[in-house]
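4 protein chains.
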Amino acid sequence: MGSTWGNKFKLSIFGESHGNGIGAVIDGLPAGIKIDLERVQSELNRRAARGNPLATPRKEGDQIEVLSGIFNGKTTGAPLAGLIRNENTRSGDYAKTKDLMRPGHADYAANARYGGFQDYRGGGHFSGRLTAPLVFAGAIAKEMLSVICPELGIGSRIVSIGEVKDTPIEDWKVYQTLIRGFKNPAFPLYHANLEEAMKQAIIAAMEDEDSVGGLVEGFITGLEPGIGNPFFESIESRLSALLFSIPAVKGVTFGAGFEMVSLRGSQTNDGLRINNGQIETLTNHNGGINGGISNGMPIVFQVAFKPTPSIGKEQQTINLANRNNATLKIQGRHDPCIVIRAFPVVEAATAICLADFLL
Amino acid sequence: MGSTWGNKFKLSIFGESHGNGIGAVIDGLPAGIKIDLERVQSELNRRAARGNPLATPRKEGDQIEVLSGIFNGKTTGAPLAGLIRNENTRSGDYAKTKDLMRPGHADYAANARYGGFQDYRGGGHFSGRLTAPLVFAGAIAKEMLSVICPELGIGSRIVSIGEVKDTPIEDWKVYQTLIRGFKNPAFPLYHANLEEAMKQAIIAAMEDEDSVGGLVEGFITGLEPGIGNPFFESIESRLSALLFSIPAVKGVTFGAGFEMVSLRGSQTNDGLRINNGQIETLTNHNGGINGGISNGMPIVFQVAFKPTPSIGKEQQTINLANRNNATLKIQGRHDPCIVIRAFPVVEAATAICLADFLL
Amino acid sequence: MGSTWGNKFKLSIFGESHGNGIGAVIDGLPAGIKIDLERVQSELNRRAARGNPLATPRKEGDQIEVLSGIFNGKTTGAPLAGLIRNENTRSGDYAKTKDLMRPGHADYAANARYGGFQDYRGGGHFSGRLTAPLVFAGAIAKEMLSVICPELGIGSRIVSIGEVKDTPIEDWKVYQTLIRGFKNPAFPLYHANLEEAMKQAIIAAMEDEDSVGGLVEGFITGLEPGIGNPFFESIESRLSALLFSIPAVKGVTFGAGFEMVSLRGSQTNDGLRINNGQIETLTNHNGGINGGISNGMPIVFQVAFKPTPSIGKEQQTINLANRNNATLKIQGRHDPCIVIRAFPVVEAATAICLADFLL
Amino acid sequence: MGSTWGNKFKLSIFGESHGNGIGAVIDGLPAGIKIDLERVQSELNRRAARGNPLATPRKEGDQIEVLSGIFNGKTTGAPLAGLIRNENTRSGDYAKTKDLMRPGHADYAANARYGGFQDYRGGGHFSGRLTAPLVFAGAIAKEMLSVICPELGIGSRIVSIGEVKDTPIEDWKVYQTLIRGFKNPAFPLYHANLEEAMKQAIIAAMEDEDSVGGLVEGFITGLEPGIGNPFFESIESRLSALLFSIPAVKGVTFGAGFEMVSLRGSQTNDGLRINNGQIETLTNHNGGINGGISNGMPIVFQVAFKPTPSIGKEQQTINLANRNNATLKIQGRHDPCIVIRAFPVVEAATAICLADFLL
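Protein chains in written order, with my numbering: chain C, 10 to 368; chain W, 10 to 368; chain A, 10 to 368; chain B, 10 to 368.
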């Protein structure tokens with residue numbers, strides 16, 4: 010339980026890092042939506058590690074096969090299922106450390122949850138690899154949204170990696186510019202000149218056999234006011250639930266988020282005005298959402314990624330087999346900083362959330 | 010849509026600030042759970058504003074009437090419905106400002122969502138008053154949890170109000186102490202000596218016809234490892250969705266949250282050890298959750314409350330009736346700082362979430 | 010669990026026969042729907058037993074109070090909650106037979122399910138009285154459908170009571186006539202002349218301190234083709250689930266139903282034709298549904314009601330307190346034939362189902 | 010929408026008759042359940058048409074590949090996904106009749122629902138082939154039930170084919186015998202001597218290029234009292250929803266079903282007694298269910314299958330391309346009577362339903 014989501018865009022993901030395959034089934038798509046499978050594959054490629062020297066050397070093809078739900082290039086209205094075969098798995102890497110719980114990973118919690126029957130190889134179903142089906146589902150959602158809501162834009166930027174931080178964006182109109190693209194789409198920054206420093210922070214962590222965290226900002230432009238609900242189905246509730254589904258996410262804020270706790274209402278309320286006949290807010294501290302519902306301003310949110318828990322440095326842990334203390338140096342092929350592969354996942358989660366709201 | 014929640018502990022809340030009544034229906038309770046209605050009422054009283062000079066002068070009785078689901082003092086297994094009549098409503102306060110959208114409130118977004126048919130009086134269904142049914146449901150959840158999981162503890166503390174900040178708690182064992190109670194349960198602080206400064210921050214805001222935000226930390230002790238799920242039903246996903254349902258919440262983090270983005274894995278991974286035969290982590294940066302599942306450590310999370318949007322200061326806004334710019338000074342009776350009434354709501358949301366997981 | 014239903018028209022019913030009140034909460038209604046509360050009350054009156062000599066002498070006022078969700082006569086978009094206070098309860102009737110399981114009733118099954126903690130008075134939550142909230146929800150659904158789908162008609166007729174049987178309707182065009190009304194709306198018959206014989210069957214059962222079953226046919230006219238889904242969300246699946254929620258229902262068929270099992274495809278396939286530019290079927294053995302989806306013909310279904318299990322005749326049963334065999338003559342006030350009060354409930358369930366499909 | 014089901018045993022099925030593959034994803038399985046994949050495959054083989062002269066000559070391998078969720082022969086607790094590749098598809102059979110709506114099939118309704126974008130080949134997602142993923146899911150459910158509830162028995166028998174009818178079973182103890190097996194498991198009959206007559210009824214229909222309907226009775230033995238819920242989650246509601254998901258089902262009754270409408274309460278109430286310390290009912294007209302909850306007697310239900318709509322006989326229909334009347338003789342390879350392949354599907358639906366209740 011836990012791998013099924015959605016009211017209207019019903020998503021079910023499956024798979025384990027070293028099993029036969031991973032994939033997703035989407036139920037609830039309207040019929041007749043043209044799906045550009047090359048564009049879908051290119052979304053998967055954005056997430057994949059292929060050839061990126063800053064990412065895991067595991068070669069993940071992430072080639073999607075659509076099993077159902079598309080006929081003559083368009084959705085049929087029946088469930089759309091996609092399958093990615095696992096390749097290049099080296100399960101032997103994991104067998105010897107089966108009983109050594111990797112700190113910061115799901116190993117110990119999953120062991121308690123599943124009584125030791127979980128597939129431990131590469132984290133099994135908890136692997137970051139399961140974000141590939143998420144990105145696939147997000148890509149399908151994007152295809153659909155581009156038809157039913159063409160003015161909608163979904164974007165993300167890297168705000169910080171380690172201690173290298175880009176600035177907050179005060180003026181919400183900036184997002185309407187950013188949505189058109191970044192200087193380096195593979196490393197989306199508000200201030201492109203920070204790329205080298207951020208990469209150095211990753212390389213430094215890698216060289217220390219360590220890892221580093223970072224912050225991603227997601228944003229949505231062109232969403233009309235009046236989308237969302239109060240309480241349990243608020244945009245914040247629905248979107249945060251999806252964002253916290255992404256492995257390594259430990260915080261989600263909307264708009265000015267935690268900064269608002271030390272301010273006053275006169276500073277954080279977003280005054281309204283009519284500007285050239287359009288209703289808009291003066292500021293966007295609420296991140297485009299009031300009462301769980303869009304107000305027409307860009308939806309802006311921040312997602313905190315912790316450092317990848319897989320590190321080569323020696324760590325203190327336990328051996329569950331003999332319930333003894335132990336030490337562990339994690340071998341295998343890992344990402345020193347997940348952020349550079351995670352921002353497309355943030356966008357995918359956003360697209361899935363919007364698809365569910367806008368259907 | 011938006012006021013129904015839960016897989017097993019199914020909750021439906023209803024009501025508007027100035028309507029006939031507010032309440033909740035809970036479906037899924039096991040039969041035979043003893044419900045102490047005085048304790049339930051006392052939870053509602055914690056949230057109510059009665060007589061608190063720092064809160065709204067609206068006198069809210071918040072007297073709960075149980076309509077069904079309890080027989081001879083115990084749950085019957087049938088839906089438990091509770092009703093709170095609205096009293097002391099002065100709807101006239103709102104009629105004159107019906108078309109003036111209150112900045113920071115749901116007014117404009119709700120107007121777009123419901124085409125102007127929403128009950129605008131006092132925010133209608135978006136009112137903070139709807140947290141009373143949440144607290145009622147949370148109190149029922151607590152009653153149930155005290156029977157099915159007696160070692161469980163649910164607590165919260167005020168971490169900051171405006172710029173007055175309490176310190177983070179590094180040692181997770183502290184939560185096992187805090188769960189036993191606070192010096193002033195009505196103002197739960199790690200460092201009780203900060204109470205006066207925090208109250209002054211509220212009074213200062215009140216005197217300026219302004220409001221102020223704050224930070225609440227929630228925590229759960231005594232939760233066994235192995236509770237939760239990966240992905241969409243992770244503890245983080247489920248709990249954040251409930252917490253973001255609370256009006257004025259704009260951020261949720263777990264464990265070290267946003268601090269982790271600038272750290273390295275060697276700093277944030279929580280090493281494991283066997284201590285007196287017990288498995289525990291050395292630190293608790295992950296807030297007791299790995300892979301969406303409890304690891305046996307205290308669950309710790311932070312909830313950012315923005316300043317109450319209702320302020321007496323003049324604000325720039327629009328008049329929807331004539332689509333003109335306008336100014337607004339909000340009359341009526343409001344809370345200058347929601348935090349001092351919100352921490353019981355955070356606990357209630359936590360109890361509801363746990364009830365759903367543990368049933 | 011079991012008292013919550015719906016994807017879009019989310020319904021939660023609550024209450025027990027002899028508790029404080031019964032009611033329903035509906036979440037998901039669009040805003041701005043005009044609700045005629047007199048018409049809603051009149052639907053409740055159709056189900057109520059007031060003054061009907063063939064029904065229980067218990068006087069059920071069934072006066073609905075709307076607690077929320079309506080403002081200025083229209084839906085607000087927030088949950089609509091309705092409450093009916095229980096009156097004229099004579100719980101003493103039940104106390105003495107608490108441990109004697111009434112055959113045909115839920116007593117023994119509920120006792121096993123709820124460990125004896127269920128409210129046993131008058132069947133508690135299992136009481137036919139809980140169909141009042143269903144009828145309330147159905148009446149709200151009808152109000153909504155009359156706005157969003159004005160050409161839709163929902164009707165029902167009594168097909169049989171005991172051995173007195175009306176004829177099947179072969180020509181689907183007849184339903185377009187019946188939808189405009191029956192000679193006696195309180196006793197809707199295709200052949201009105203059967204009313205007396207049916208009433209005599211009820212009286213005969215009453216005089217024998219017995220009860221009698223009957224068959225209700227429900228129908229929907231004016232539903233456009235293309236509503237519904239394959240498999241688990243087919244019209245048949247969704248509607249049958251609601252119909253089987255009505256106490257005493259033991260069978261549901263669509264179209265020619267069980268007659269089809271002994272026929273051939275050439276007899277039961279409904280040929281298609283263009284008639285005056287309209288697509289229609291020659292016959293309607295499939296009851297207006299193919300593949301779970303409406304085909305534009307009247308939706309027709311039959312609902313089998315068993316005889317009311319409460320009878321005055323002596324019955325063999327057990328005493329759960331001492332686990333001995335026992336006999337029981339049921340006292341209290343009961344309906345000798347539920348059918349004459351149940352057809353409005355069938356319509357209500359149908360309206361609720363359609364509301365969920367058409368939102 | 011429509012292909013996802015379940016509260017705890019969450020099932021998502023996908024695929025089209027002539028697409029790349031069909032399959033199912035099951036979320037919610039506990040970890041550590043041993044899965045005998047040969048037994049699972051044998052359930053699929055029961056449904057498959059291979060070599061049966063009374064079934065379609067299309068050779069369906071129905072070989073299942075498990076993609077995830079099983080590790081070392083046991084469930085991992087992660088979603089279990091299974092894939093069946095389509096083989097032996099002759100799509101050309103369908104292209105020429107694309108615009109001719111097959112009477113009794115979903116063609117016209119689906120066309121209205123999906124705007125013509127549905128995969129029309131062999132009925133697409135509406136094909137009876139989609140019962141293979143249902144049987145797969147049912148087989149997994151059976152594996153699980155055999156571990157968590159080993160005393161449970163799920164069975165079915167053919168009651169009638171065309172006008173050849175087996176007798177009703179009055180004595181509920183008979184089901185405890187039947188559950189141990191039938192003389193010919195491939196043709197399960199209470200009176201085995203009817204097999205030849207039933208087969209002749211099928212052959213006669215086949216020779217006439219026609220088809221014939223039939224009745225299947227499902228039953229559950231060994232289910233403890235107290236399983237189920239009132240109202241929307243009653244056993245009847247949940248099970249009927251699943252049974253009506255099976256293509257060609259047009260009626261579902263429980264216990265004595267439609268016979269009860271003409272009887273009296275004194276005839277249909279099932280008296281209770283203590284027999285050798287066990288509580289049992291004298292009769293089982295209620296089919297083992299009261300108030301939606303099991304009472305410890307065998308659960309018995311009947312499922313009406315209409316004749317297969319695909320027949321070679323000429324039928325009147327329409328050509329949607331030119332909106333003209335037309336005639337149609339269906340070519341291709343079809344089953345003259347679905348019943349002989351459907352009873353394993355009835356059992357699968359039953360197993361899925363029980364898995365959801367008993368988890």
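Think of the hints as simulated: they come from the structure by calculation, not from any bench. Check the hints yourself; a few may be wrong.
Which copy is meant is left open, so a pair is good if it fits within one copy or across any two.
[To be verified] Once the Cα atoms are required to be at most 25 Å apart in a straight line, the calculated BS3-like pairs of lysine-lysine come out as:
#: 1; residue 1: K83; residue 2: K107
#: 2; residue 1: K83; residue 2: K105
#: 3; residue 1: K322; residue 2: K105
#: 4; residue 1: K322; residue 2: K83
#: 5; residue 1: K43; residue 2: K83
Each hint, compared with the structure:
For a Cα distance limit of 25 Å, the shortest separation of K83 from K107 across copies, 17 Å, qualifies, whereas the shortest one inside one copy, 44 Å, does not. Proximity of K83 and K105 under a CA criterion of 25 Å is satisfied inter-copy only: 20 Å between copies versus 47 Å inside one chain copy. Taking the shortest alpha-carbon separations for K322 and K105, only the intra-copy value of 17 Å comes in at or below 25 Å, while the best inter-copy value is 66 Å. In this assembly of identical chains, K322 and K83 lie within 25 Å of each other by CA distance neither inside one copy nor across copies; the values are 49 Å within and 34 Å between.
For the identical chains of this complex, K43 and K83 are intra-copy neighbours only, at 4 Å inside a copy versus 40 Å across copies, given an alpha-carbon limit of 25 Å.
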